[in-house]
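Asks: Each chain, written out:
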Amino acid sequence: MEDLFGNLALGFATALSVQNLLLCFVGCLVGTLIGVLPGVGPIATIAMLLPLTFKVDPTGALIMLAGIYYGAQYGGSTTAILVNIPGEATSVVTVLDGHQMARQGRAGIALGIAAIGSFIAGTVATFVIAALGLPLTRLALLFGPAEYFSLMAMGLAFAVVLARGSVLKAIAMIVVGLLLSTVGTDLETGEERLTFGLDDLSDGVDFAVLAMGIFGFAEILRNLDSPESRDVVGTAIGRLLPSRDDLRRAIFPILRGTGLGAALGILPGNGAVLGPFAAYSLEKKIARDPSRFGRGAIEGIAGPEAANNAGAQTAFIPLLTLGIPPNAVMALMVGAMTIHGIIPGPQVMTKNPALFWGMVASMWIGNLMLLVINLPLIGLWVRLLKVPYRLMFPAILLFCCIGIYSINNNPSDVLFAAFFGLAGYALIKLGYEPAPLLLGYVLGRLMEEKLRQALVLSRGSFLTFVERPVSAGLLLVAVVVLVAAVMPAIRRRREEAFQE
Amino acid sequence: MTRTILGLLAAVALAATPATAQTYPSRPIVMIVPFAAGGPTDVIARIVGEHMSRTLGQQIVVENVAGAGGTTGITRGAQATPDGYTIMMGHMGTHGAAPALYPRLRYDPTKDFAPIGLAAGTPILIVARKNFPPKTLQEFVAYVKANAAKINQAHAGVGSVSHTTCTMLDHQLAIKPTQVAYRGTGPALNDLVGGQVDFMCDQIVNLVEQVKAGAIKAYAIATPVRSPALPDLPTTTEAGLPDYQVSAWNAVFAPKGTPGEIVAKLNDALSKALSDAATRKRLLDLGGVIPEGKERTPEYLGDFVKSEVARWTPILKAAGAVAN
Amino acid sequence: MTQGRGRTVRSPQDLAAGLFLVAVALVALWQGADLPAGSLSQMGPGMLPRALAVLTGICGLAIAIGSLRWDGPALERWSLRGPLFILGAIVIFGLAVRPLGLAVAGPLALAVGALAGGETRLVETLVFAVLLTLFCLGLFVVMLGLPIPIAPWLIGR
Chain Y
1 MEDLFGNLAL
11 GFATALSVQN
21 LLLCFVGCLV
31 GTLIGVLPGV
41 GPIATIAMLL
51 PLTFKVDPTG
61 ALIMLAGIYY
71 GAQYGGSTTA
81 ILVNIPGEAT
91 SVVTVLDGHQ
101 MARQGRAGIA
111 LGIAAIGSFI
121 AGTVATFVIA
131 ALGLPLTRLA
141 LLFGPAEYFS
151 LMAMGLAFAV
161 VLARGSVLKA
171 IAMIVVGLLL
181 STVGTDLETG
191 EERLTFGLDD
201 LSDGVDFAVL
211 AMGIFGFAEI
221 LRNLDSPESR
231 DVVGTAIGRL
241 LPSRDDLRRA
251 IFPILRGTGL
261 GAALGILPGN
271 GAVLGPFAAY
281 SLEKKIARDP
291 SRFGRGAIEG
301 IAGPEAANNA
311 GAQTAFIPLL
321 TLGIPPNAVM
331 ALMVGAMTIH
341 GIIPGPQVMT
351 KNPALFWGMV
361 ASMWIGNLML
371 LVINLPLIGL
381 WVRLLKVPYR
391 LMFPAILLFC
401 CIGIYSINNN
411 PSDVLFAAFF
421 GLAGYALIKL
431 GYEPAPLLLG
441 YVLGRLMEEK
451 LRQALVLSRG
461 SFLTFVERPV
471 SAGLLLVAVV
481 VLVAAVMPAI
491 RRRREEAFQE
Chain F
1001 MTRTILGLLA
1011 AVALAATPAT
1021 AQTYPSRPIV
1031 MIVPFAAGGP
1041 TDVIARIVGE
1051 HMSRTLGQQI
1061 VVENVAGAGG
1071 TTGITRGAQA
1081 TPDGYTIMMG
1091 HMGTHGAAPA
1101 LYPRLRYDPT
1111 KDFAPIGLAA
1121 GTPILIVARK
1131 NFPPKTLQEF
1141 VAYVKANAAK
1151 INQAHAGVGS
1161 VSHTTCTMLD
1171 HQLAIKPTQV
1181 AYRGTGPALN
1191 DLVGGQVDFM
1201 CDQIVNLVEQ
1211 VKAGAIKAYA
1221 IATPVRSPAL
1231 PDLPTTTEAG
1241 LPDYQVSAWN
1251 AVFAPKGTPG
1261 EIVAKLNDAL
1271 SKALSDAATR
1281 KRLLDLGGVI
1291 PEGKERTPEY
1301 LGDFVKSEVA
1311 RWTPILKAAG
1321 AVAN
Chain S
2001 MTQGRGRTVR
2011 SPQDLAAGLF
2021 LVAVALVALW
2031 QGADLPAGSL
2041 SQMGPGMLPR
2051 ALAVLTGICG
2061 LAIAIGSLRW
2071 DGPALERWSL
2081 RGPLFILGAI
2091 VIFGLAVRPL
2101 GLAVAGPLAL
2111 AVGALAGGET
2121 RLVETLVFAV
2131 LLTLFCLGLF
2141 VVMLGLPIPI
2151 APWLIGR
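Protein chains in written order, with the numbering used here: chain Y, 1 to 500; chain F, 1001 to 1324; chain S, 2001 to 2157.
If a hint is listed, it holds; no wrong ones were tucked in.
Below are the PhoX-like pairs computed for lysine-lysine, each with C-alpha atoms no more than 25 Å apart in a straight line: (1) K1281/F x K55/Y; (2) K351/Y x K1130/F; (3) K351/Y x K1281/F; (4) K351/Y x K1212/F.
It should be emphasised that the hints constitute simulated quantities derived from the structure, not laboratory data.
Can you build the whole structure from these sequences, using the hints too?
Replies: Structure follows, in structure tokens:
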């Protein structure tokens, strides 16, 4: 414990230098900005800013890049709430209730809860990293392919809970999402699958392309169809900040979300994406009136947003303690360190304590800065909603196009997004919800990879999933969640049938 | 806002002047890196590019165009206008293994480029989980030969460096271990550290810290001389597997038809970067191997690419590792 | 909820939704027809896509059959104007951004996209298109430094 405080003191001494504070602030600000812009993700931005890091010391560089990363996570929620576009896999859930709240004139409250929830989550997660980073790493190493597969299966069970309407339709969307995720070059044999002979599909469909298509563009199309509903967003603007009552209702979801997100974020295989989904499912399950969810329930933002931010932070644990990046952004951080001749590994903590603890401390400072930057910005964002829709949607359109192009600097991505826009429009008209599809898609790739790895390692025996205790436990949770989600629907149908 | 617009207009006026070999470079140069930012090739491109920018007096802007084992970015680079403003960082995969892996490849590494010069390469290590029984490379060879059916070998996906180099090892040892494919080096390394898989081969920069910390064990480095990053690790030559010589080389290319003077200017800038003390230190910190003397010439690179294609094609074809 | 009662198809929306999925499944099966399925211990590239396509088809059939049994909403009206101009604008942007650059693709996409609204004002749209494109040039190219072509035909990048 004394060590912990000593280390944190060293960390704060490093992070509180004028230069590092400034870099942290710049990172958070830039991160928020690019997070708000649909499509322009942290990866493109950090890649563009890498040359800058030649000019500062590695600690400062990392503090800034980390600021961009969690700033972008937060900024992405703003776009999700205001215009119904999830820029990142982790903000898909925020769209569900966040945008509904915006439509009801409660955008300010939604944004405020997101900011406060993220801050609380960030604070807790920082201390988790500081205190438990090392032992948690060892725990995470217990996760082999079989455990991951079961974890993903559990995630899919959550996806069923996400749906507002028909459970069968939600399951169908998950399956379609999984199917979409198989598009592209097969990992093991290198064969191209379901690509229609298009080279640009050989790496599959990019998440942002899919999300921007079936959420962003399809939402524009839907709004153009029904002029009366879209103006609700523009007209009624209520409170700018959450009331005491809002906070009271949000605090426990925030704490639960923090716990879930922090736990899942530690897993090296990008478990952080599961956090918000898990938090949403949990809140919906324990709510007294689950039907409020998807219609602007404040818990539906508070939990997932906290989980999102907590996960974004604890995702640093595998990087800082093992030197293994759990996702593409973290891989970039590795790149930034290697440019400076620091190759992240298990010894960074002992060999470079100022860097390690400085970064940990800067995370908390960064979260505070995010709060300071974003609370005043809420007024500005909400005012943006007043822009007449006839100007708003072409602007969203252009921002999305530029954003999509910038992901891979590939114009065909823009064309694919148009295709998915049409598909998303069709899905809306056919009464399907896009969120389960996206979750199926996000988990699909990892799930297939892990399924095949597990079966290769077990030489084809499915028993591997139930023989390994952690895996068996996760599968059990999946089954319970699924049954709990499906049962009421079946009962309802049966009652309906009896009434005839 | 007005200042931004004025600045843009000024940039327009400046950049509109015609580009000739004498005035080259008169505007920023795009260097296509065919992999995601943050990976070894990207880091090397950025380190080298930073110093080249200073020599050339114009910024070299790295543009990451990842996809299909790097062939997406190189295809785009090969089709760019050969005016010296688009160059690319090619790689062992894109200019050596790709013709065997991708039958529908839309460029020919030996014909469609104007070679500039080799940049730094990163040697390959043979590593295993820390409780894997063999202690030396000799024991390792004997062990994997005796237990080939039980052994699990991890790699980062078909066409990745860890896949092609490990396939070469399997080919030389005449073994067929079970290959487990991961999406990228990170997850593969994670399962190696966690003991889920037995061994893998990959670039030193990806493994060096885990080896130093004892999270995994290394048997040998596949270069003729030891690496200063891991001075205690024997080379494959010392450890009894002299034929296994492989490193993930990176080299700068321009599209075919780029004027000779521009190639010369770029080659000169690259060579200056590779001689610069600070740049060298950065590259050596990664465990990089820097080309010297005649290895830095465009001609050497041209011949080298031919020999690499000739070396990889039979190995990968024999292993049946063919992507579409 | 009683609108469908007495008719054979009680939920036209669900029927269409189900058939849509069946079509998706068939396309996927056709595309993946020549991928080897492999065995469980060494799964081939075709196994999961095929299994998922079949599952998609089953879900589709179940939804379609359900539409004959349970009441549901009617099919909504599909408009043509929105999709045509919005998707057209996106496609134009995608095709124009590399050869012509953001300076041209931006206003073009904005102008075409604005037509989708049906309440377009010519002068306002044009002014807005130019201003927003300038703003985007400043934001994405100058501030963020993204490598987006600006006007390759004019300034070479």
